[in-house]
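Asker: Using the hints provided, position chain B relative to the given structure of chain A.
Protein chains in written order, with the numbering used here: chain A, 448 to 731; chain B, 13 to 143.
Check before you lean on any hint, since a few could be wrong.
Some but not every residue of chain B turned toward chain A, in silico, with C-beta under 8 Å [unchecked claim]:
#	residue
1	15
2	18
3	19
4	48
5	55
6	59
Since the hints were derived computationally from the structure, they do not count as laboratory data. The beta-carbon is built from N, C-alpha and C at its ideal position, and this holds for glycine as well.
The primary structure of each chain is shown beneath.
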Amino acid sequence: MSWLVFALVFVVVLPVAESFRERTPSRRRRFLTSALDQTQLVIDTETWASLDRYAARRAQWGAGGRGLGMAIGIAVSLWLMMRGATDALALLPVATSLVGYAIGAALSSQHRSTLSSAEERVSALQPQGFREYLRRRVLATEVGCGILGLLAAGVGVLVLTSDPLKFPGLAPLLPLGLMVLGVTVAALLLQRRLLQLPTHAVGQAQLVEHDVKLALSLRDLAWVVTFTTVLSAYSILTSIGAPIVISLGLIAAFSLLVRRPFDRKLRLEQTPVASRLVGRSRQA
Amino acid sequence: MKLLRIDPGGEAPPYEQLRTQIAAMAAEGELTAGQKLPTVRQLAADLGLAANTVARAYRELEADGVISTQGRRGTFVRSALLDGAASPSPRTDAHKAAATLAATARGLGLSLAETTRLVEGAWSHTGRSRS
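Same shape as in the complex, but just chain A:
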């Protein structure tokens, strides 16, 4: 048993250690450059320093979230498998570690500098709503994922209450549907919370930092909802013994259809404040 515990700890610690590596200056620079290069924004030194501090905080919180998510995922999947669940839940720790990372990274952006009430404050007069930071398509996808999760959980309950042995492949529908629903609701609530956070800025640097971290956190949360849904759908397809072509087709459709709106790189329209305040290196 001790080797199993050691293996589990190793499995949990490895991605956490990998996430902690994101804290090194070169990794932080690479992360920010990669996230911002499509926007072509010309970031000054002060703003870059603010963003760099955010990247360090984000890596730390993301690593913690990933470790916690992975640990919870492994514990839940082992507990369910010991009670006869199929191996369709084997991918659960992958999903929970990514959910943990996205939530941890999003929570890191809640940190804000404390300003005294006597200090001058600035605002870019930018409304902070879902529509200003997330495309309609992304929002619709998020809501759609939640509805799919609810439907899957509903069908799962029906299967369990009727004759579970008649449809053994559909047993994971309830836990996976609940997971998708839970992740969607958590992501939407956290997105709403982030959008309600006040900016508290004394200069342009803080306004741009707030804008970029908001855009990154909202994007991560939207992405993790979609990823969890696709992973769950893949697990269910595998569980019911669907042809591999369908499972691969699902992955291919996910990669092609949602690649652009859920791109890891930010686009100019996703950073409305920065795009108004900061110059661009060249015209798009």
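Answerer: What follows is chain B alone, placed relative to chain A:
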């Protein structure tokens, strides 16, 4: 782009600082017509002000015709041309007159520079006759 700055220790009260700066930004074109403004609650939280302070500034700006509140849709910088669709305003008349002038000038084969010179001449003539 200009930033809205609120100095809590300034001579003017915060609502007045807010009102004058938003009005100036709208007049200078920093805020474009139809642009959505943040909610009272958001702006108050961002600037560390009481919601009533921002609400008062918005009310006065609305009374001055700088912004308009459209229920749950939010608060927008007022557009004279868009507003004119519902109720004709002097600015809409000017827009129509400019369109007529442009069409007439094109019909006569005048260039934009020639038309602009004509407008400048008429503008200075009107100014002299008013004074």
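Asker: Could you run down the list of hints and mark each one as holding or not?
Answerer: Hint check results:
no.: 1; hint: 15; result: holds, 4 Å
no.: 2; hint: 18; result: holds, 5 Å
no.: 3; hint: 19; result: holds, 5 Å
no.: 4; hint: 48; result: holds, 5 Å
no.: 5; hint: 55; result: holds, 6 Å
no.: 6; hint: 59; result: holds, 5 Å
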